[in-house]
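**Q** Sequence:
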Amino acid sequence: MKSLKKILSLILALMMLLTSAFALASCSDDGDNSGDGTSGSGSGDGGSAGGSAGFTYTVYVKSGNKGIAGAVVCFTNLADSTDKTLATTDSNGRAKITADTEKSFKAVVTQVPSDYREAGWSIMDEKTLVDGTATFTYTAVDLPDWTVTVLDPDGNAIAGVVIQMCSGSNCFMPKTTGEDGKVVFADFVTAEYHVQINSMPSGYSYPEGKDADDYYYFDGETSITITLSRAN
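For the sequence shown, our numbering begins at 1 and goes up steadily by one.
Hints are not guaranteed to be accurate.
Claimed, not checked - Straight line, CA to CA, 25 Å or less: simulated DSS-like cross-link-like pairs of lysine-lysine:
id: 1; residue 1: 210; residue 2: 182
id: 2; residue 1: 106; residue 2: 62
id: 3; residue 1: 175; residue 2: 210
id: 4; residue 1: 106; residue 2: 66
FYI, nobody ran anything at the bench for these hints, they're computed from the structure.
Construct the complete structure from the given sequences, taking the supplied hints into account.
**A** Here it is in structure tokens:
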């Protein structure tokens, strides 16, 4: 059963990588995109001008009130699907392109930094910029760290417990508690994930009423404490 879970987890991770790769490829495969993120009539350096006139198209990527640097935006000319531009947000969270004539662009955020996730709409969704000063704002979520602490019945930390993150019944990314009894998972959304005990040192057993197939949920918090029982 655990082997099947590991296989399913690998398949899930591969699908996520392929989705991101497809989103990026859809912007870069067609048209004459150069390695610095520019093509067609626009400039994709996160804010510098391109073209001989001044029609500017901007995507603002933020978390809370703070702009996010390093997000990748794909701009596609709606009148010419081969006219594509990749732009990366600057330190203020803005990705800009300019065109010498007024155009309508489809804009897609294809990638955000690893400690954020897309919010409100997925990386495969799109927004349309329809005039020469068009701007839209894209909000990403800053993901906190999620901590699991494992204790014995006396409240002492237990090292050597293997905890894994799970999505549904698919579990992956096993981590082992240290001397402080803790493991930390970064960049996950608890509404989608929970944890499970994979293994534990001898002398301990699962919490009362729990067994190897049970999950442990964050329930709106950023940490979980699991108290193991002593083995009979």
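**Q** Run every hint past the structure and note whether it holds.
**A** Results of checking the hints against the structure:
no.: 1; hint: 210 with 182; result: 20 Å, holds
no.: 2; hint: 106 with 62; result: 19 Å, holds
no.: 3; hint: 175 with 210; result: 20 Å, holds
no.: 4; hint: 106 with 66; result: 24 Å, holds
When the structure is compared with the earlier hints, no violation turns up for any of them.
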